[in-house]
Amino acid sequence: MNHEEPLWEVFIRSRQGLDHKHVGSLHAADAPTAIENARDVYTRRMEGVSIWVVASRDIHASSPEDAASFYDPANDKIYRHPTFYDLPDEVKHM
Amino acid sequence: MNQDRFDYILHLADNALITGHRLSEWTGHGPSVEQDIAMSNIALDLVGQSRNLYQYAASMKEGATEDTLAYLRDAREFKNLLIAETGNGDWAKTITRLFFFSAYQSCLYEHMRSLRDEMLRAIAEKSLKEVTYHVRWSGDWVIRLGDGTPESRSRMEKAIDALWPLTGEMFEPAPYEKALIPSQLAVDVAALKQEWMHKITGVLDNAGCRLPAPGSWMQSGGKTGIHTEALGLLLAEMQFLQRAYPGCNW
Chain A
1 MNHEEPLWEV
11 FIRSRQGLDH
21 KHVGSLHAAD
31 APTAIENARD
41 VYTRRMEGVS
51 IWVVASRDIH
61 ASSPEDAASF
71 YDPANDKIYR
81 HPTFYDLPDE
91 VKHM
Chain B
1 MNQDRFDYIL
11 HLADNALITG
21 HRLSEWTGHG
31 PSVEQDIAMS
41 NIALDLVGQS
51 RNLYQYAASM
61 KEGATEDTLA
71 YLRDAREFKN
81 LLIAETGNGD
91 WAKTITRLFF
101 FSAYQSCLYE
111 HMRSLRDEML
121 RAIAEKSLKE
131 VTYHVRWSGD
141 WVIRLGDGTP
151 ESRSRMEKAI
161 DALWPLTGEM
171 FEPAPYEKAL
181 IPSQLAVDVA
191 ALKQEWMHKI
201 TGVLDNAGCR
211 LPAPGSWMQS
221 GGKTGIHTEA
231 LGLLLAEMQF
241 LQRAYPGCNW
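These protein sequences, in sequence, are chains A and B.
Sequential numbering from 1 applies to the first sequence in the working numbering.
Sequential numbering from 1 applies to the second sequence in the working numbering.
Simulated from the structure, these hints should not be mistaken for lab results.
For each residue, glycine too, the CB sits at the ideal point set by N, CA and C.
Among these hints, one or two may not hold up.
If you anchor each label on the Cβ, the simulated ranges turn out as follows [unchecked claim]: (1) A/H60 - B/R243: 54 to 64 angstroms; (2) A/D58 - B/G221: 52 to 62 angstroms; (3) A/H22 - B/K126: 28 to 38 angstroms.
Some residues of chain B that are not near chain A, with every Cβ distance over 12 angstroms (derived) [as the list claims (entries may be wrong)]: (4) M1; (5) S32; (6) Q35; (7) S59; (8) S114; (9) E118; (10) R136; (11) Q184; (12) R210; (13) A236.
So here's chain A without its partners, still in its complex pose (with noise of 0.2 angstroms):
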């Protein structure tokens, strides 16, 4: 059965406020069976308050292959970080 079914990827919000985190992927054959799904097998334990679900083949990632021309060039690029600004102390929550 799980065979012929699409594989989707699922979302948990723990709590209103937060963000949905990608929690793992299970098999189903259409979305809202897909909900289903994840409700019974990843909000068992009170995780969750909201679940998104997408289809797998819907995601489209970068290539482990591109790791070093991705993100190795960012290495000795540190004065992209803002920190070489000097903060006047009345501003707060920087």
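Chain A is fixed; fit chain B onto it per the hints.
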């Protein structure tokens, strides 16, 4: 102790426990891990409901506990509906049973919230949330199977035909219910029939499934302890540990 109230609460508890136990038999055997977990969750909900009810019943009877009521009564003393004890069959039969039964529980608990029994009101309130999900989940499956492939469709039809004769006694008040209805200590189940039919026909229409003709033969007896062979076998397994090792704990 008021025997009618005690029997009524046992009837409610037995329905939940026996249905829950049946569903728990799917644990490790579901068609996929997702359905396996869903089924186990629902089984646990029902066993939880039965515990609340058994504890309440036990509080009325000297020396009784929830465990003695669940594990040390014999088939003749169980008052569950026949539809609860019938074997799981295939996935379609299990789903159809759960759907018919959950829709019934949903109507029942809805009305139980206005009984003159504070504990039953509270248990109904708590259980209704769980049951609402059971109706939704099983109803979605009824539609998926009925409106699915020719194979799933024919299995659904077989399941409906097999289970339909067991739905009649849901709406036949047992003597202990009749005694309690005037004082609003039990729900008048005869009055739930229309509501239940309304709940299930909406889903069955979507599934493209038809019910057997009205007036077909109905089997009853479960509510007064006249059971099918299936219950004895279920109890033999469910009660084994307490029978073989009385009082054992783990």
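Verification of the supplied hints:
1. The hinted window of 54 to 64 angstroms between A/H60 and B/R243 holds, with their beta carbons roughly 59 angstroms apart.
2. At roughly 54 angstroms, the beta-carbon separation of A/D58 and B/G221 lies within the given 52 to 62 angstroms, and the hint holds.
3. For the pair A/H22 and B/K126, the supplied restraint of 28 to 38 angstroms holds, since their beta-carbon distance comes to about 32 angstroms.
4. Residue-level check passed: B/M1 sits 37 angstroms from the nearest beta carbon of chain A, beyond 12 angstroms.
5. With a least CB separation of 5 angstroms from chain A, B/S32 falls inside the 12 angstroms interface cut-off, contrary to its annotation.
6. For B/Q35, the shortest C-beta to C-beta distance to chain A comes to about 8 angstroms, within the 12 angstroms cut-off, and the non-interface label is violated.
7. Distance to chain A confirms B/S59 as a non-interface residue, since its nearest Cβ pair spans about 29 angstroms, more than 12 angstroms.
8. The Cβ of B/S114 lies farther than 12 angstroms from every Cβ of chain A, with a closest approach of about 29 angstroms, so its non-interface assignment holds.
9. The Cβ of B/E118 lies farther than 12 angstroms from every Cβ of chain A, with a closest approach of about 27 angstroms, so its non-interface assignment holds.
10. Listed as outside the interface, B/R136 is inconsistent with that label: its C-beta sits roughly 8 angstroms from the nearest C-beta of chain A, within the 12 angstroms cut-off.
11. Every beta carbon of chain A lies more than 12 angstroms from that of B/Q184, the smallest distance being close to 35 angstroms; the non-interface claim holds.
12. Distance check on B/R210: its Cβ is at least 24 angstroms (rounded) from any Cβ of chain A, clearing the 12 angstroms threshold; non-interface status holds.
13. Even its closest Cβ contact with chain A, about 30 angstroms, leaves B/A236 beyond 12 angstroms, as expected for a residue assigned away from the interface.
The structure is inconsistent with the numbered hints 5, 6 and 10, although it conforms to all the rest.
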